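Student: Single-letter residue listing:
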Amino acid sequence: MGGGHTDKADVLQGTLVLLVLRTLEALGPLHGYGIARRIEQISREVLQLNQGTLYPALLRMEQEGWITSKWGASEKNRRARFYSITAAGRKRLAKETADWKRMSSTIERFLLFDPGNLAEERG
Amino acid sequence: MSWPRVIAARLRGLFPHRELEQALDDEIRFHLEMQIEDNLKAGMNPADARSAARCSFGAIEPMKEEYRERWGFALVEMIAQDLRYAMRTLRKSPGFTSTSIVVLALAIGSNTAMFSVLNAVLFRPLPYRSPDQLAMLWTEQPNQDVREGRSAYWNIEQWRHQSNSFADIAVFDGVSLTLTSAEGAEQISVARVSPNFFPLLGVQPFAGRSYSTDEAEKRQRLALISYRFWQNRFGGSRDAIGASLELDGLPSRVIGILPADFHFSGQAVDIWEPHTMFPDWEVRRQVRGTDSWFVVGRLRPNITFEQAQAEMSAIARRLDDQLPVSERNLGIKVVPLSLQVTGPRARLALWMLSGAVFCVLLIAATNVASLSLARSASREKEIAIRAALGASRFRIMRQLLAESLALAVTSGLLGLFVASAGIRFVLAFKPGNLTRLNDIGLDPRVLGLALALCLLTGILVGLAPAITMTRRNLRPSGQEGGRSIAGGVATRGIRRALVVSEFALAIVLLVSAGLLIRSLLSIESIDPGFRPERVLSMQISSPAFKTAAQLADFYNRVLEQIEALPGVVSAGIIGDFFVGGSPDQVATTEADGRIISERVRVRRDEVSGGFFKTVGTPLLTGRFFSAADGPNSPRVAIINDALARRLWPGRDPIGRRVNLGRDSDRLWFTVVGVVRDMRRQGLENEPIPQLFEPVAQSPSRHINLLVRTSAHDPSKMAAAIQAAVHRVEKHVPVYSVATLEARLAAFLTERRFQTSLLIGFAVVALLMAAIGIYGLIQYSIATRTHEIGIRMAIGAQAGEIFRMIIGEGLRLSLTGLVLGIAGALWLGRAGASLLFGISPADPLTFLTVSVLLTVVAMAACYFPARRAMKVHPAVALRQE
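If you read the sequences in order, they're chains A and B. To convert, take the position in the first sequence, counting from 1, and add 6; that gives our numbering. To convert, take the position in the second sequence, counting from 1, and add 1481; that gives our numbering.
Note that these hints are calculated values from the structure, not bench results. A hint or two may mislead.
[Unchecked claim] Label-pair distances were calculated between CB atoms; the ranges are: (1) B/1874 - A/103: 19 to 25 Å; (2) A/112 - B/1867: 52 to 58 Å; (3) A/101 - B/2304: 34 to 40 Å; (4) A/103 - B/1901: 55 to 61 Å; (5) A/111 - B/1566: 30 to 36 Å.
Please read these numbers as outputs of a predicted model, since none were measured by experiment. Each residue gets a CB set at the ideal place from its N, CA and C atoms; glycine is no exception.
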């Protein structure tokens, strides 16, 4: 929420929001461990999540109204907290996705950019 | 996003909940267990599975810390950020900010002061154990229109024995006694109370003890002293207990000291002694019907006042048969003590003033809202940019509300200074019967209300701009370049409504103030039946040992001494000039040879021969008392017109005989004169029937000396008069020296206070309404310069423009006028009991106020309209 400064944590957090929302949208209500497992599986273990950091992020998303949670029974009939995405969350997901796409395509273009072309144009 | 839920969630977070903590622990444990199971399934041994799970989860404590912080500080952080930004914006427009803060600080401050009065007088529980079980019991005489009369001891004993609703019933009565000590004699206020009085209230002596039923029954001369008396007389020494006090020439032993905060009824009582101390106690305890006792009772638990009232009414009916014929048809009235302490009229007045001061706050908030709407026009661009940068509508609204809240809270802090000044002002004025004002102060409840007022004000001020601006600016807009006519129109609509409501509220306040002023004037124009100017009044208490003859002689010599003083026109004596309530008596008259006994409310006083001349009350028929009306001559009486009409309507009362009192002491007065009615209960009260007898025939120890002087300021004569009294006899207490005018005016203190407060509120309201309409018209012209230019370019005359502007102002003020008059008429009925001699729909008041407000509105529109007339079409069009 802070003003001008963006640091690494913010960027990571932003990505985490996208991943969680996407997971919940695709799979429906899940508990924290399920979300963590899913993100690791889908990303084929490339994104090594420090699983603990997931919970403050979930709390924040709940405070923002993007997800809701309620206590229920897990598959092995243990008490667990299940998170699900809200309408506001879906909107947020759409926005984050669009942002991400724009961002990644910009980066991609930037990476594909050949300084040689520029020299040609100049000459 | 549903923001009430977000805020609720964050608010919850402010208070570290054990459940939240527990839930987090459960969640972490579940996570780890799942991970361990998966690790085991993957073939790890239990120890490895455990440590791998921990490892992939990461450090638990820092994560918990972060979690807690997020749930705790999210709200604080959000508010702080909004406030920082708000402060920055407000600092950028110092004119708007300081005006708004001053206006709001005054409004919030006066509301806080008013509430602290309400709180002290009405809301705070009385300082007794379970005060909501306490009630006063009164003897009611429906056919005499006496609702709260004092009672006779025999009756009270019957109530006590027969009632099941009351756990206990106690009696008390007040007297004034002479306290004699080495320093001289002085008059003190003494309450005589039954031994169960203190236990009933739940009051323990601060030191020492109270007296027992047995001691009271044996009429032992014991006394409890007030904390104040203890400090003043004994310097707070413990030796006070066991000390002896000489009261009316007899010694009493001090056995206890009452707590510092103890008080009962409005008067400051110094000494409390057994109710059996009356010299005529054996007679008084037998009296049936009415007497002079006050009664207080404590309800049994779970009994309501209604149930108690029903039972007491039944008891009253049962007792009626056992009363003397002339004392029949008595009722009993049960009044909750809290209602008794502050009567219905004082309550109504307090609520009226609170309502008025709240109106002032509404008007102030409206004005500031209007100002900030005007300001918002210049901020359209800023908001549009913020919206374009991705701020949500909620975020912008929150921001605008944060600004108005910052404004309101700053005003509220300043308002506390205003409030404490206001409280000092109220205390300096000491409004008459608001007995509990000494408890006034800024306690947590008052501060809580001040905070609530700040929040309310902040929302009132910020809501209109927040709604209009966000509605307007969140439209994808690039065209909101230089000026926005559509936006201006929307804002103007709201501002119009605000100005109309300001006018309506101002009308209500002005009408109320007008009605109170008219009431005060009509009271002041009443002829009291005497001429109070240039008359000095003082009390004299003679020593207890004097016989009636000695007393009469003493008074004669005092009057002679005083009348011999230069500058004194005449002097007179009366038992007590001004009277509180008057106990009614049985009057027996002779008519056509028959004897008729009936209950009459009559005040009986002894007066000296020169009394009527001194106070300037004319004789209507008959004669005044003369020196011949001595102790051994036939008993004679002068009555006032009211009593003459009551006893002998349409006949000449001179020479007729009347007897006052009970069958036991038959004592006939022959009426020798009739005087004009005197309003001795203050100007507002109708004169009561009065009977005067010569002081020589029935001298009392405590008298009111009245001296008519030739000086403009009679109080300059006080020292000389006092010296004259002391030349006759040293050590006679002379006290309560005041001019008769001041004593008469004291009855109106409270009304004057209420009236001047309301006038103050009304003037503020009027000013603010004027500023409001001025600002609106000014703004309306500023946004319409272009339009005005076009109109003038196509041939409109300056006069037409002027009329157009004035017309706009007039329409608004007239709409407000109509609404306000409707409101004032409606409210007037509710407050009718505060008025005197005029109707709540008094046409003169309504007309005056309407004219006044219209004139003010016109004046406020005149200057902007003049400026609009001078708009040059070319300049106006170039502004584009």
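Student: With respect to the beta-carbon atoms only, verify the hint that residue 103 of chain A and residue 1901 of chain B lie 55 to 61 Å apart.
Tutor: Holds - the Cβ-Cβ distance for residue 103 of chain A and residue 1901 of chain B, about 59 Å, lies within 55 to 61 Å.
Student: Is the gap between the beta carbons of residue 1874 of chain B and residue 103 of chain A within 19 to 25 Å?
Tutor: holds, 22 Å
Student: Falls inside 52 to 58 Å, the C-beta gap from residue 112 of chain A to residue 1867 of chain B?
Tutor: For residue 1867 of chain B against residue 112 of chain A, whose Cβ atoms are near 24 Å apart, the range 52 to 58 Å is violated.
Student: Range first: 30 to 36 Å. Now tell me if the beta carbons of residue 111 of chain A and residue 1566 of chain B are that far apart.
Tutor: About 34 Å separates the Cβ atoms of residue 111 of chain A and residue 1566 of chain B, which means 30 to 36 Å holds.
Student: Measuring from beta carbon to beta carbon, are residue 101 of chain A and residue 2304 of chain B in 34 to 40 Å?
Tutor: violated, 50 Å
Figure legend: structure checked against the earlier numbered hints; hints not met, in rising order: 2 and 3.
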